[in-house]
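Colleague: Single-letter residue listing:
2 protein chains.
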Amino acid sequence: MAELLRGMKRTHMCGVLGIEDIGKEVVLMGWIQRRRNLGGLIFVDLRDREGLVQIVFDKDVSQEAFDKSESIRGEFVIAVRGEVRKRESMNPDLKTGQIEVFAKELKILSESEIPPIHINDEDDAGERLRLKYRYLDLRKPKMQKILKTRSKIASTIRSFLDENGFLDLETPVLTKPTPEGARDYLVPSRVNPGKFYALPQSPQIFKQLLMVSGFDKYYQIVKCFRDEDLRADRQPEFTQVDIEMSFVDEEDVLAINEGLIKKLFKEIKGIEIETPFMRMTYKEAMERYGSDKPDLRFGYELKNLNEIVRNCGFGVFANTVKDGKDVKAININGGAESFSKKGMKNLEKLAKTYGAKGLAWMKLTNDGIDSPIAKFFSEEDTKAIIDKMQAKEGDLILFVADKTSIVNTTLGALRVEIAKKLDIIDEEEYKILWVTEFPLFEYDEEDDRYYAKHHPFTSPVDDDIEILESDPAKARAKAYDLVINGSEVGGGSIRIHDSSLQQRMFKALGFTEEEAHEKFGFLIDAFKYGTPPHGGIAYGLDRLTMILTGTENIRDVIAFPKTQDARCLLTEAPSIADETQLEELQIKVIKE
Amino acid sequence: MAELLRGMKRTHMCGVLGIEDIGKEVVLMGWIQRRRNLGGLIFVDLRDREGLVQIVFDKDVSQEAFDKSESIRGEFVIAVRGEVRKRESMNPDLKTGQIEVFAKELKILSESEIPPIHINDEDDAGERLRLKYRYLDLRKPKMQKILKTRSKIASTIRSFLDENGFLDLETPVLTKPTPEGARDYLVPSRVNPGKFYALPQSPQIFKQLLMVSGFDKYYQIVKCFRDEDLRADRQPEFTQVDIEMSFVDEEDVLAINEGLIKKLFKEIKGIEIETPFMRMTYKEAMERYGSDKPDLRFGYELKNLNEIVRNCGFGVFANTVKDGKDVKAININGGAESFSKKGMKNLEKLAKTYGAKGLAWMKLTNDGIDSPIAKFFSEEDTKAIIDKMQAKEGDLILFVADKTSIVNTTLGALRVEIAKKLDIIDEEEYKILWVTEFPLFEYDEEDDRYYAKHHPFTSPVDDDIEILESDPAKARAKAYDLVINGSEVGGGSIRIHDSSLQQRMFKALGFTEEEAHEKFGFLIDAFKYGTPPHGGIAYGLDRLTMILTGTENIRDVIAFPKTQDARCLLTEAPSIADETQLEELQIKVIKE
Numbered sequence: 004m005a006e007l008l009r010g011m012k013r014t015h016m017c018g019v020l021g022i023e024d025i026g027k028e029v030v031l032m033g034w035i036q037r038r039r040n041l042g043g044l045i046f047v048d049l050r051d052r053e054g055l056v057q058i059v060f061d062k063d064v065s066q067e068a069f070d071k072s073e074s075i076r077g078e079f080v081i082a083v084r085g086e087v088r089k090r091e092s093m094n095p096d097l098k099t100g101q102i103e104v105f106a107k108e109l110k111i112l113s114e115s116e117i118p119p120i121h122i123n124d125e126d127d128a129g130e131r132l133r134l135k136y137r138y139l140d141l142r143k144p145k146m147q148k149i150l151k152t153r154s155k156i157a158s159t160i161r162s163f164l165d166e167n168g169f170l171d172l173e174t175p176v177l178t179k180p181t182p183e184g185a186r187d188y189l190v191p192s193r194v195n196p197g198k199f200y201a202l203p204q205s206p207q208i209f210k211q212l213l214m215v216s217g218f219d220k221y222y223q224i225v226k227c228f229r230d231e232d233l234r235a236d237r238q239p240e241f242t243q244v245d246i247e248m249s250f251v252d253e254e255d256v257l258a259i260n261e262g263l264i265k266k267l268f269k270e271i272k273g274i275e276i277e278t279p280f281m282r283m284t285y286k287e288a289m290e291r292y293g294s295d296k297p298d299l300r301f302g303y304e305l306k307n308l309n310e311i312v313r314n315c316g317f318g319v320f321a322n323t324v325k326d327g328k329d330v331k332a333i334n335i336n337g338g339a340e341s342f343s344k345k346g347m348k349n350l351e352k353l354a355k356t357y358g359a360k361g362l363a364w365m366k367l368t369n370d371g372i373d374s375p376i377a378k379f380f381s382e383e384d385t386k387a388i389i390d391k392m393q394a395k396e397g398d399l400i401l402f403v404a405d406k407t408s409i410v411n412t413t414l415g416a417l418r419v420e421i422a423k424k425l426d427i428i429d430e431e432e433y434k435i436l437w438v439t440e441f442p443l444f445e446y447d448e449e450d451d452r453y454y455a456k457h458h459p460f461t462s463p464v465d466d467d468i469e470i471l472e473s474d475p476a477k478a479r480a481k482a483y484d485l486v487i488n489g490s491e492v493g494g495g496s497i498r499i500h501d502s503s504l505q506q507r508m509f510k511a512l513g514f515t516e517e518e519a520h521e522k523f524g525f526l527i528d529a530f531k532y533g534t535p536p537h538g539g540i541a542y543g544l545d546r547l548t549m550i551l552t553g554t555e556n557i558r559d560v561i562a563f564p565k566t567q568d569a570r571c572l573l574t575e576a577p578s579i580a581d582e583t584q585l586e587e588l589q590i591k592v593i594k595e
Numbered sequence: 004m005a006e007l008l009r010g011m012k013r014t015h016m017c018g019v020l021g022i023e024d025i026g027k028e029v030v031l032m033g034w035i036q037r038r039r040n041l042g043g044l045i046f047v048d049l050r051d052r053e054g055l056v057q058i059v060f061d062k063d064v065s066q067e068a069f070d071k072s073e074s075i076r077g078e079f080v081i082a083v084r085g086e087v088r089k090r091e092s093m094n095p096d097l098k099t100g101q102i103e104v105f106a107k108e109l110k111i112l113s114e115s116e117i118p119p120i121h122i123n124d125e126d127d128a129g130e131r132l133r134l135k136y137r138y139l140d141l142r143k144p145k146m147q148k149i150l151k152t153r154s155k156i157a158s159t160i161r162s163f164l165d166e167n168g169f170l171d172l173e174t175p176v177l178t179k180p181t182p183e184g185a186r187d188y189l190v191p192s193r194v195n196p197g198k199f200y201a202l203p204q205s206p207q208i209f210k211q212l213l214m215v216s217g218f219d220k221y222y223q224i225v226k227c228f229r230d231e232d233l234r235a236d237r238q239p240e241f242t243q244v245d246i247e248m249s250f251v252d253e254e255d256v257l258a259i260n261e262g263l264i265k266k267l268f269k270e271i272k273g274i275e276i277e278t279p280f281m282r283m284t285y286k287e288a289m290e291r292y293g294s295d296k297p298d299l300r301f302g303y304e305l306k307n308l309n310e311i312v313r314n315c316g317f318g319v320f321a322n323t324v325k326d327g328k329d330v331k332a333i334n335i336n337g338g339a340e341s342f343s344k345k346g347m348k349n350l351e352k353l354a355k356t357y358g359a360k361g362l363a364w365m366k367l368t369n370d371g372i373d374s375p376i377a378k379f380f381s382e383e384d385t386k387a388i389i390d391k392m393q394a395k396e397g398d399l400i401l402f403v404a405d406k407t408s409i410v411n412t413t414l415g416a417l418r419v420e421i422a423k424k425l426d427i428i429d430e431e432e433y434k435i436l437w438v439t440e441f442p443l444f445e446y447d448e449e450d451d452r453y454y455a456k457h458h459p460f461t462s463p464v465d466d467d468i469e470i471l472e473s474d475p476a477k478a479r480a481k482a483y484d485l486v487i488n489g490s491e492v493g494g495g496s497i498r499i500h501d502s503s504l505q506q507r508m509f510k511a512l513g514f515t516e517e518e519a520h521e522k523f524g525f526l527i528d529a530f531k532y533g534t535p536p537h538g539g540i541a542y543g544l545d546r547l548t549m550i551l552t553g554t555e556n557i558r559d560v561i562a563f564p565k566t567q568d569a570r571c572l573l574t575e576a577p578s579i580a581d582e583t584q585l586e587e588l589q590i591k592v593i594k595e
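Protein chains in written order, with the numbering used here: chain A, 4 to 595; chain B, 4 to 595.
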């Protein structure tokens with residue numbers, strides 16, 4: 004029943020026609036969004052990637068096309084030859100709303116059954132159904148727009164980096180396990196039975212080798228893989244914008260990347276972003292926002308109350324300070340009336356999920372102070388707290404007393420949750436900053452050893468090289484994250500390019516020379532033959548696309564995403580493998 | 004010992020300095036290619052991605068830099084601040100040959116041991132050593148140039164396709180096995196134990212789904228994977244330029260791709276290529292060149308001699324024709340003196356590797372005809388053969404008599420081998436053509452069934468739809484290959500967009516409805532909801548880069564390639580996996 008094109012050529016996309024085309028004969032092809040009979044005419048909204056246009060089937064123009072049009076339904080694919088005419092009743096919502104096309108010829112290129120989901124943005128199908136019929140879900144204008152934008156983001160990044168002398172170089176997908184990384188995906192080798200490739204978590208080591216090779220400036224937009232238990236915003240495969248430069252220090256990397264981000268916002272959002280970006284050290288970010296990716300679109304800053312409560316009458320607070328821990332608070336401006344008793348209970352429950360033992364609060368109502376802990380404070384202490392918190396009538400102060408890390412994490416999470424809940428965030432605002440001077444090491448109590456916070460090749464800040472062994476916990480790294488609206492969209496570092504410093508680093512991480520060689524042998528070898536100072540950054544393209552398209556769900560920015568249990572509902576991957584193929588690979592599935 | 008940059012900034016790349024920079028103070032950074040003491044001065048050739056520049060250490064300019072320069076050796080990485088001066092003895096071989104830089108300050112950024120291979124194009128290290136020290140091998144100017152060109156090829160392709168409305172859309176790497184394809188690489192799933200992903204052999208099905216989704220024009224430069232036994236020109240992972248378009252027929256796909264190839268040759272080689280490209284049907288290519296990827300830079304065309312030899316006195320030839328087989332020949336112009344007795348034996352040996360039972364020959368010498376088979380022919384037959392072959396004194400005619408396929412393959416291979424051997428090919432010439440109208444099916448005698456020559460979604464030529472069942476061997480496909488200088492650099496087809504035609508195709512391939520659904524279920528389902536006519540092409544980026552850089556070895560166009568036994572000599576991948584990780588994956592290695 005489907006007809007062939009047989010030489011028919013499309014002249015225009017549906018969505019681009021306008022009054023300038025009136026009088027032209029056009030050939031359009033697309034999907035039927037809607038069909039109506041009205042006053043002896045048949046009206047069809049024809050859809051393609053660029054939008055909708057109205058087609059009119061009129062007996063007086065073509066009896067044949069009219070008759071044929073009676074059989075067409077939603078999602079049929081048709082080709083129409085017709086004349087563009089001015090429309091009588093204009094549709095201002097539509098780009099093509101001032102014209103319509105009177106059909107002289109109709110070909111039905113493909114029929115359609117009734118689709119299981121609605122092809123429009125208002126469709127409320129569940130996500131599993133949307134993923135199973137992804138090819139239909141992707142027809143929705145919203146999904147088309149997101150993926151078109153994603154394509155434009157990639158091409159904008161590429162053209163910026165090409166213009167700035169970066170080379171697009173490919174690194175292997177079938178490679179070696181990542182030492183010190185997350186869990187790798189493994190690929191059994193048939194030619195080398197019993198051996199496995201790993202899929203890369205990032206091209207980190209290869210991009211450093213490319214710097215050793217003298218390519219000077221490298222980039223790649225590349226799939227990376229992590230076999231981790233998936234959170235809502237993670238996918239087993241994700242796309243990284245990977246960048247590395249030689250003969251640079253931190254300032255050079257940040258400057259070129261500010262240019263890149265500025266250009267992206269200009270091209271994609273039409274927004275002029277000021278450079279240089281704001282910078283904040285990791286230490287300041289943790290102290291003031293309780294997070295290494297602070298969202299600066301709103302206040303609720305963390306304030307340290309240790310000096311005020313050290314000798315106060317509230318034992319819990321006073322003892323916390325005496326034990327060398329912290330008492331900190333945030334002021335939810337105007338939040339005194341926002342939380343009922345139950346709301347406050349929920350906040351406390353939330354606080355406890357971050358390890359806090361409790362959540363103290365103080366409401367400044369027009370009846371005075373409402374707080375379960377107010378009675379423990381002298382009038383002077385209360386005033387000092389209110390002053391420090393810059394609180395006024397109508398405000399709500401939330402206190403956490405605990406180890407520094409718990410206090411920061413808890414209040415940091417609360418400020419974000421509450422800001423979202425109270426809907427005080429301007430979605431059109433973009434707060435961009437660099438978080439710098441990350442700690443070089445992270446101490447793992449369970450393993451009783453230091454881990455590299457970023458990775459083992461990250462360079463210490465010049466001045467901290469001397470404390471690498473004597474005070475590793477204090478050593479800062481030349482590492483930086485780009486944070487936009489509380490989301491980490493990229494991160495990187497200057498790498499160690501000196502073999503002897505690298506040896507000291509491995510030692511600080513507790514590796515014997517042998518272990519270091521086993522894990523990083525070929526990189527250590529490579530560094531023996533002249534290594535330039537180098538550094539770079541990697542962005543998550545999925546995350547960047549989410550921010551630039553205002554999308555909350557990571558699966559909406561990926562054409563064919565996986566579910567949280569790492570399955571593709573469309574193709575039903577992963578699936579049972581052929582027994583003979585497993586035999587060839589010399590592996591066997593062991594059922595537990 | 005290595006020094007830090009501490010704020011020092013590079014001002015120029017080494018290889019770009021020229022007379023216009025004389026008098027400037029510059030900061031250069033790079034690797035030491037060579038160091039010489041001469042007349043109390045120390046001369047250093049400093050190398051970076053852009054080339055070499057001569058640095059002079061002169062006590063009178065800086066005693067400190069001079070003293071320091073005495074310790075530097077080949078492949079040390081240094082930074083130099085100095086003044087550009089006009090050179091007394093100019094070096095015309097060097098872009099920077101008219102200037103030199105007198106050093107005021109020297110930093111040794113990194114030392115080097117003596118590298119195991121020479122960092123220049125004349126290095127004759129074996130390939131295994133080169134691959135083990137790939138990061139050093141890649142420092143060679145030739146390798147730098149190839150990978151820079153590869154990067155430019157990719158960006159040229161991208162900008163052309165971006166300008167022409169194609170969207171760069173990503174398809175999954177962790178996906179489903181390819182039915183009817185080569186052997187897949189498998190990836191065990193931890194979250195879904197006992198199940199496996201497959202790495203894609205191509206994004207074929209996904210790109211067709213993107214057309215079903217209405218994205219209209221798609222491209223992707225993407226890694227693909229085949230677990231095949233590697234030939235010299237194959238790699239387990241390779242890069243594909245993947246393109247698909249909707250609402251098009253064959254002419255549209257060829258036209259846009261001619262634009263792309265034209266632009267590539269212009270940008271990369273500075274050569275204007277004529278469009279439209281020459282076209283040749285598969286049938287003609289096989290008949291005239293014995294190959295579906297004919298190299299048209301030279302003659303040696305295959306000629307059919309059946310009519311001449313049908314009744315000749317040479318029983319072998321006459322019987323071949325009577326048995327319905329073919330006698331064909333090629334004329335190696337001027338080749339009569341090129342092959343000794345041993346040379347002719349070798350040619351025959353080569354012919355036999357392609358299945359021929361023998362190789363007959365006829366030399367036209369100035370002493371008359373020299374040929375073991377001449378005695379069987381009448382004077383008239385001999386003249387007819389010479390006329391048909393357009394042979395003249397000094398030529399060599401080679402004959403093969405056998406089944407058509409063996410005759411074509413053998414003579415097709417001989418003509419290429421001999422052209423290479425006799426060095427008659429102009430390496431600067433590019434002969435580009437489309438080979439069209441491939442057979443839709445290929446009959447497999449062993450399995451006694453038809454296979455899709457291209458893939459099961461390839462559309463028949465409109466006129467051949469009716470013979471799909473009645474004469475499948477004759478059915479031609481809307482499939483096309485782009486052939487450059489005898490190398491297939493790309494291939495594609497118009498796809499079937501009509502469900503009922505697709506069903507007929509599956510039936511012709513011998514699939515039951517159930518089998519078809521098992522293998523291609525979700526694509527068949529997708530085609531139920533309105534499918535546009537569509538088609539596309541895929542290029543091998545590795546192959547394309549080889550042609551545009553004149554490289555013979557596929558490993559030279561890949562930064563980190565694998566050996567023929569699919570190993571990476573640099574990283575030693577694949578390697579033994581961690582036992583606990585295999586347990587998590589619920590798989591076990593079974594040693595044979």
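In short, the hints are calculated from the structure, not lab data.
Do not take every clue at face value.
Where chains are identical, the list cannot tell them apart; a pair therefore holds if satisfied intra-copy or between any two copies.
Stated by the list, open to error - Computed cross-link-like contacts, DSS-like style, restricted to lysine-lysine with a CA-CA straight-line distance of at most 30 Å:
no. : residue 1 : residue 2
1   : 62        : 286
2   : 151       : 269
3   : 145       : 531
4   : 296       : 145
5   : 12        : 269
6   : 27        : 344
7   : 71        : 391
8   : 531       : 107
Just so it is clear, the structure is predicted and the values come from calculations on it, not from any experiment.
Colleague: Which hint numbers does the structure go against, in order from smallest to largest?
Modeller: 1, 6 and 7
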